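A.B. asks: Given only the sequences and the hints, what does the whole structure look like? Please build it.
For the record, the sequence lines run as chains W and B. If you count the first sequence from 1, position 187 lands on 187 in the numbering used here, and the numbers rise without skipping. Take any residue in the second sequence, count from 1 to its spot, add 1000: that is its number in the numbering used here.
Since the hints were derived computationally from the structure, they do not count as laboratory data. Bear in mind that the values here come from a model prediction, so they are computed numbers and not experimental data. It is possible that part of the hints are untrue.
Said to hold, decoys possible - Computed footprint of chain B on chain W, listed as stretches where at least three residues anywhere in the stretch have a Cβ under 8 Å from a Cβ of chain B:
id, region
1, 1–8
2, 21–34
3, 61–69
Unchecked claim - To list a few chain B residues with every Cβ distance to chain W over 10 Å, as calculated:
id, residue
4, Lys-1017
5, Glu-1021
6, Arg-1024
7, Met-1033
8, Leu-1037
9, Gly-1060
10, Lys-1078
11, Asn-1084
12, Ile-1091
13, Phe-1097
14, Leu-1104
C-beta atoms are modelled at their ideal positions from N, C-alpha and C, and glycine is treated no differently.
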Amino acid sequence: MQLSLDQLRIVERDVQDEGISYSHLEYDLLDHVCCDIEDRMHSGISFNDAYQAVKREIGLQGLRRVQQETLLLINKNYRMMKRSMKTLGTIALAGISIAALAKLMHWPYASILIVLSTFTVSTIFFPAALYVWYKEVFQKKNGFIVILAFFGGFTFMYGTLFKLMHWPLANILLAIGELLTILTIIIGGISYLISRRSQTGSKTLTITGITGIVLFFLGTLFKLEHWPGASMMLILGAIILFSIFLPVYAYKAYNEEKTIKNSFIFSVFALTFIISFTFLLSLNSSRSILDGFVYMDNGLQKTLAIVENQIDNQQIDGNNQEINIAADEIFNSIDDLKNDLIVANGGLDVVPKKLKRSDLEHLKFIRSNETVRNILEGKAQDGKAYDLYYNIQKYKSLISETSEIDLVSKNFSIGILQLQQDNPKDWIIDNFYKVPLVTSISNLTHLQLDIRLTQQQFLICIDKTVAQNQEENNK
Amino acid sequence: MISRELLKGSLKSIVLKLLAEHGRMYGYEITQMVANLTEGQITLTYGALYPVLHKLEKEGALITESEVVNNRNRIYYKLTKKGNDTAREKIKELEDFIKTISILLKPDLGIDPCN
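C.D. replies: Okay, here's the thing in structure tokens:
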């Protein structure tokens, strides 16, 4: 008995769906399956029954396994690569997880671990995985897309690494990586749409999915570069993906198969993970904190300007001069310290007078890293924070000695109050290590304001005393 | 039924032997012939047969011809000149193997306990 053309098409489509691309293996297997069905139909059963029986015998994804075994037998390199890929992938994954944990807990060697495991994933595992994928799943003619995917993924992963480590060029790398990834998705999607494998019904769905993903990636790119419209794209992309594409796709997949395939579960997980990760990395939480900080710092700067203006208008003589010089010195040294901290950790060359959110983006994750500790503590307790601590102590006693009123406890607020800790080390820990660097810098601005306020109050008091003395003399 | 484990090493020789005797054959034909000849004792699965066929082709022992049969492509396999030599070698090797194994399995040949 011979299969009809319609029956042949059914089998042909299923075999093609397995995505067998090695040499003439697809023809081999199609013919084999057809022969098997024809043989069984000879004994009088229907096409459907015969086909089901054959399918049962091959097992789930059996044909694809034939291809894998063929490749394994033929290609020694491929065999080795596949084996080492499994090991390497597991090691790199473990490395990244441990590194993330170490980074969170401020353990040593976190950075080295991150660099090493990212290198393993992007330079060894990822190309090998793409190669295997290309050999097993992809049609040979689509080599261009695989190359594009390679460069896109490669640049993107290194971009993420550079961004994490605050190395230069991170944003450029990320932008190039994202652009290439978007291109890959678009070209890959179009070639899938053109290929014989997609059916007319699922075309609209595929287009919807591609639009969602492209919009989402474009959104993250725009976000990264601080271009307008980023949030709009992110939200639109997420809505298309999660409230249109995924439900419809899941419904279709369920209806067609009656069971849910592993690959479907995997793709949902991967998609959710990637997208929630990107959201966390680039969006809300950090943004509002930084906005708040910048707002506060700018406000403090404004008050400072007013106070400084008033001080300038106050008369200057004898003792006042000493206080003014001391105040100026501390004020400038705090400015220096802030600059050092921002430049060393943020990759900025010069710190602008008025800070923007983007200037401080990196600082929110930094606490007591080595650079910060070196600047603050120096090699042997000779760092800038120690100098600052002792200078402020001197300033305080200078003011207490020259004025009769207890100005120090009256005016010095948060920053200086914490200076009452006798030990400079405790002061540094409280002000710099227990909070993110952004907060420390804000604290420093506050300290500057305290210094100026005390100075101003002092000058007013001196004025009053002078005026009182004159009055008494007149009497 | 012969276990896959035992069959694994001699699969190549069996395929070569069949092709040497019958000229050109296609995959399904080979599995059917093996099943018929061994009365169902040996069944070649897809997963066992095609990797071996493709490997032999890659090594240059076989060539393929494509022909449209019943509206689908059928791939026929045929021994090359080099393949003929390989076949002879492999069949000889398998025969030697069987001889050696049977010696091993009959250790009592010389010392008949009834004697």
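A.B. asks: Decide, hint by hint, whether the structure agrees.
C.D. replies: Hints, verified against the model:
1. Remark: the region 1–8 of chain W is confirmed as covered by chain B, as 4 of its residues place a Cβ nearer than 8 Å to a Cβ of that chain, reaching the required three.
2. Residues of the region 21–34 of chain W lying with their CB closer than 8 Å to a CB of chain B number 11, which satisfies the three-residue condition for coverage.
3. With a threshold of 8 Å between beta carbons, the proposed coverage of the region 61–69 of chain W by chain B holds, since 5 of its residues qualify and at least three are required.
4. In this structure B/Lys-1017 is separated from chain W by more than 10 Å, as the shortest Cβ-Cβ distance comes to about 19 Å.
5. Remark: the non-interface label on B/Glu-1021 is consistent with the geometry, its nearest Cβ contact in chain W lying 21 Å away (cut-off 10 Å).
6. Remark: the non-interface label on B/Arg-1024 is consistent with the geometry, its nearest Cβ contact in chain W lying 14 Å away (cut-off 10 Å).
7. Listed as a non-interface residue, B/Met-1033 keeps its Cβ farther than 10 Å from every Cβ of chain W; the least gap is roughly 13 Å.
8. With a cut of 10 Å on Cβ distances, B/Leu-1037 stays outside the contact zone with chain W, its closest approach being about 17 Å.
9. Annotated as non-interface, B/Gly-1060 keeps its C-beta farther than 10 Å from every C-beta of chain W; the closest such distance is 13 Å.
10. The claim that B/Lys-1078 is not at the interface with chain W holds, since no C-beta of that chain comes within 10 Å of its own (minimum 14 Å).
11. Every Cβ of chain W is farther than 10 Å from the Cβ of B/Asn-1084; the closest lies at roughly 22 Å, confirming the non-interface assignment.
12. The Cβ of B/Ile-1091 sits about 21 Å from the closest Cβ of chain W, beyond the 10 Å cut-off, so the non-interface label holds.
13. Consistency note on B/Phe-1097: stated as away from chain W, and its beta-carbon is indeed over 10 Å from all of that chain's, at 20 Å minimum.
14. The claim that B/Leu-1104 lies off the interface holds: its Cβ sits roughly 28 Å from the closest Cβ of chain W, which is beyond the 10 Å cut-off.
Going through the hint list in order, the structure satisfies each hint without exception.
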